[in-house]
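With the sequences and hints as input, model every part of the structure.
As a plain string of letters, each chain reads:
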Amino acid sequence: MENDFPIKMWIDENGNVQEKEYKEVVTEKLTRTFYQQLIRIRTFDRKGISLQRQGRIGTYAPFEGQEASQVGSAMALETNDWMFPSYRDHGATMTFGHSLKNILLFWNGRNEGCIPPEGKNIFPPGIPIATQLPHAVGAAFAEKRKGSKNAAIVYFGDGATSEGDFHEGLNMASVFDAPVVFFNQNNGYAISVPMEKQMNTKTIAQKALAYDMPGVRVDGNDVFAVYAETLKALDRARSGEGPTLIEAVTWRYGAHTTADDPTKYRDQLESERRREEADPVLRVERLLKNQGWFDEQWAEEVKKQAAHEVDAAVAEMESFPPVDPNDIFDHVFAEPTWQLQEQKQQYFQAKKGVPVWNQQQ
Amino acid sequence: MESTAVKKKTMTLVQAITDGMRTMLEEDDRVLVLGEDVGKNGGVFRATDHLQEEFGEDRVMDTPLSEAGFIGAAIGMAVNGLRPVAEIQFLGFIYPAYEQIMTHASRLRSRTMGHYTVPIVIRAPYGAGVRAPEIHSDSTEAIFTHMPGLKVVCPASPSDAKGLLIAAIEDPDPVLYLEPMRCYRSSREEVAEGKYTVEIGKAKKVQEGEDVTVITWGAMVPVAAQAVKEMEATGVSCELIDLRTLYPIDRDTIAESVQKTGRTVIVHEAHGTGGVGNDVLAIVNDTSFLYQKAPVERVTGFDSPVPFFSFEDEYLPTPARVKYAIEKVIKF
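These protein sequences, in sequence, are chains Y and R.
Here the first sequence is numbered in our numbering, starting from 53 and rising by one per residue.
Here the second sequence is numbered in our numbering, starting from 473 and rising by one per residue.
Just so you know, these hints were derived from the structure itself, not from any lab.
Among the hints, a few may not be true.
Here are the computed distance ranges between Cβ atoms for each label pair [as the list claims (entries may be wrong)]:
id: 1; chain 1: R; residue 1: R518; chain 2: Y; residue 2: M53; range: 44 to 50 Å
id: 2; chain 1: Y; residue 1: K355; chain 2: R; residue 2: E529; range: 52 to 58 Å
id: 3; chain 1: Y; residue 1: D313; chain 2: R; residue 2: Y763; range: 55 to 61 Å
id: 4; chain 1: Y; residue 1: K198; chain 2: R; residue 2: A727; range: 56 to 62 Å
id: 5; chain 1: R; residue 1: S776; chain 2: Y; residue 2: E170; range: 51 to 57 Å
id: 6; chain 1: R; residue 1: Y763; chain 2: Y; residue 2: E394; range: 15 to 21 Å
id: 7; chain 1: Y; residue 1: K403; chain 2: R; residue 2: N513; range: 53 to 59 Å
id: 8; chain 1: R; residue 1: L762; chain 2: Y; residue 2: S244; range: 57 to 63 Å
id: 9; chain 1: Y; residue 1: P373; chain 2: R; residue 2: L762; range: 42 to 48 Å
id: 10; chain 1: R; residue 1: Y763; chain 2: Y; residue 2: Q391; range: 35 to 41 Å
id: 11; chain 1: R; residue 1: R518; chain 2: Y; residue 2: K403; range: 36 to 42 Å
id: 12; chain 1: Y; residue 1: W390; chain 2: R; residue 2: A766; range: 55 to 61 Å
Derived list of chain R stretches under chain Y, where covered just means 3 residues or more per stretch with a C-beta under 8 Å from a C-beta of chain Y [unchecked claim]:
id: 13; region: 539 to 553
id: 14; region: 566 to 576
id: 15; region: 579 to 589
id: 16; region: 665 to 676
Backbone N, C-alpha and C fix where the C-beta goes; we use that ideal spot for every residue, glycine too.
Listed below in structure tokens is the structure:
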């Protein structure tokens, strides 16, 4: 079965374009854009870990190693499409146009982090695994009913394929011919459990057969291959041909979250080896060099700009007004129920330090 | 707001529910009905009978047998501008969708501070008393009233059923709409044609009385009414309240009544521990403690699973058990 789902690759690990016909797409402009985006999200991710270590944000889920999957897929979207990320997909959401400040606010325990910029259809991160898949199907179905050409993309990991919602989501999308792309990032581990203990299949793409939809396996560290396959799947969705399952085979270098120690369950030398050999950013850098498009000064400028943008977002996050406890009560319903109103009143009364027994009811 | 249209028609409770859905499918293009067997079959209880013929497969959709899947999809539809009315065949089968309701439908407004909202209605027949197979008779409303961000309603009469359903569909937040299957066809009443609503959060005084307040909802309303009738014959004046909404409960109606009578009996068929009756009791305590002339009595299902139907008459509160409780608070 594994042979029926070969891993598609456009650019090999040494930065060489695999097929002549790809050269039309692999332009200097697009390559530079990818490089910028990859650097941008990697810079953000490293800052995220550092902020957590310094106690400036809460627990953080890093994605380093998965940048090509997230940039390539997000760049394939049109502006009115829908994105349903998991908690490790803020590389994709920021590429699609989410605010860096809001992403940081999310990791700093603020609801504002769940609000996308005006006009962007980005759902808050799916936290319970795979639960976002049916949402994407519903949103995509609604687009189809409106007669639009918009599609939805939903992100999830290898572990998510063991959940019921994975099956229910793919099955419903298939039955409804919903314009949705199921974008799986197979990074080999669900926290500590390796893929071979998660499933008995060698690929995730083959699961698409059960839903009579295309299943595609792609090198998740090859931003061009990811971009091309996602574009193809989105085109299918827009033209009414239904959903696609994409398996982007990748690797997370670091921990599941900053609260986890990956050396307990895997050999981190593997991550180091992969950094040398299969890194998604290095691959694009090698491509640029092979094509004679690399310019040291430009690359430094790209890194500087990314650092500047991320630092500015951190400053914005840190100067954000403190939480307003009213927000606990005011957004549960369109109109707070009497219970919430009363709880709010009692909370503020107690906070003022006025003994409740001394108050008029 | 209760408003009455001029023309009326005699209907059963389930017919009134169908009428409510039909009214809203006609009224609002965003409304769609989805669930298992709701299409050609018209639902296992025929609540969606003929709706697919009238409105087409895009508005009345059969879904795969996939409660988490279609409730999850309904959330995505609602976020993207539709107003889905999802049918769960029996409340006892809602649990696969529990996660979607708990972590998404009820929470999305809070998570996003109102940026995304989930105006869906989940309809579910509930309760015992129709000799249904195992697991088909659950009455687990309390696990949903405990869920922040979700409203829970439960009509007991045909005209309330229609008005509450329309109010639920128009509500900007998710509503679980519980249907007492035992009452689906047990009685008929005049129901106004066209669109009207029964306000969510408002109880109904079924009968005025002086000596004791009996508070209940759904399929227990007729049971309590029978007990009340028998007690009236012995000279005890009973006030009967049908809560109609289980979250947010109508505190004012409860307080006003129990302060007048000073005696309270709560009746529900759900398990006693953690039941909604305890929230009613808390309201009596918070608002009317010093008015009570006797400890509040609760008549409930037992802390056992809802038994196989050969036992269900023993499990369900009966007029005799309600009368026993009324006598207890009167004689205290």
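Stated coverage of the region 579 to 589 of chain R by chain Y [criterion: 3+ residues, CB within 8 Å]: This one holds; 10 residues, not fewer than the three required, reach chain Y with a Cβ under 8 Å.
C-beta pair R518 (chain R), M53 (chain Y): status relative to the range 44 to 50 Å that was hinted: Given a distance of about 46 Å, which is inside 44 to 50 Å, the answer is holds.
8 Å C-beta test of the region 665 to 676 of chain R against chain Y, three or more residues: violated (count 1)
Assessment of proposed distance window 53 to 59 Å (beta carbons of K403 (chain Y), N513 (chain R)): Since K403 (chain Y) and N513 (chain R) have Cβ atoms about 55 Å apart, the given range 53 to 59 Å holds.
35 to 41 Å as the expected CB spacing between Q391 (chain Y) and Y763 (chain R), which holds or is violated: Given range 35 to 41 Å: violated, Cβ gap about 21 Å.
R518 (chain R) versus K403 (chain Y) beta-carbon gap, inside 36 to 42 Å or not: With Cβ atoms ~54 Å apart, the hint is violated.
S776 (chain R) paired with E170 (chain Y), Cβ distance criterion 51 to 57 Å: holds (53 Å)
C-beta pair Y763 (chain R), E394 (chain Y): status relative to the range 15 to 21 Å that was hinted: With a Cβ separation near 20 Å, Y763 (chain R) and E394 (chain Y) satisfy 15 to 21 Å, so the hint holds.
C-beta pair K355 (chain Y), E529 (chain R): status relative to the range 52 to 58 Å that was hinted: Cβ of K355 (chain Y) to Cβ of E529 (chain R): about 54 Å, so the range 52 to 58 Å holds.
Three-residue Cβ test at 8 Å for the coverage of the region 539 to 553 of chain R by chain Y: holds (count 14)
Outcome for the supplied range 55 to 61 Å, where the beta carbon pair is D313 (chain Y) and Y763 (chain R): holds (60 Å)
Status of the given 42 to 48 Å range, CB of L762 (chain R) versus CB of P373 (chain Y): At roughly 44 Å between Cβ atoms, L762 (chain R) and P373 (chain Y) fall inside 42 to 48 Å, so the hint holds.
In summary, the structure is inconsistent with hints 4, 10, 11, 12 and 16 from the numbered list given earlier, while agreeing with the others.
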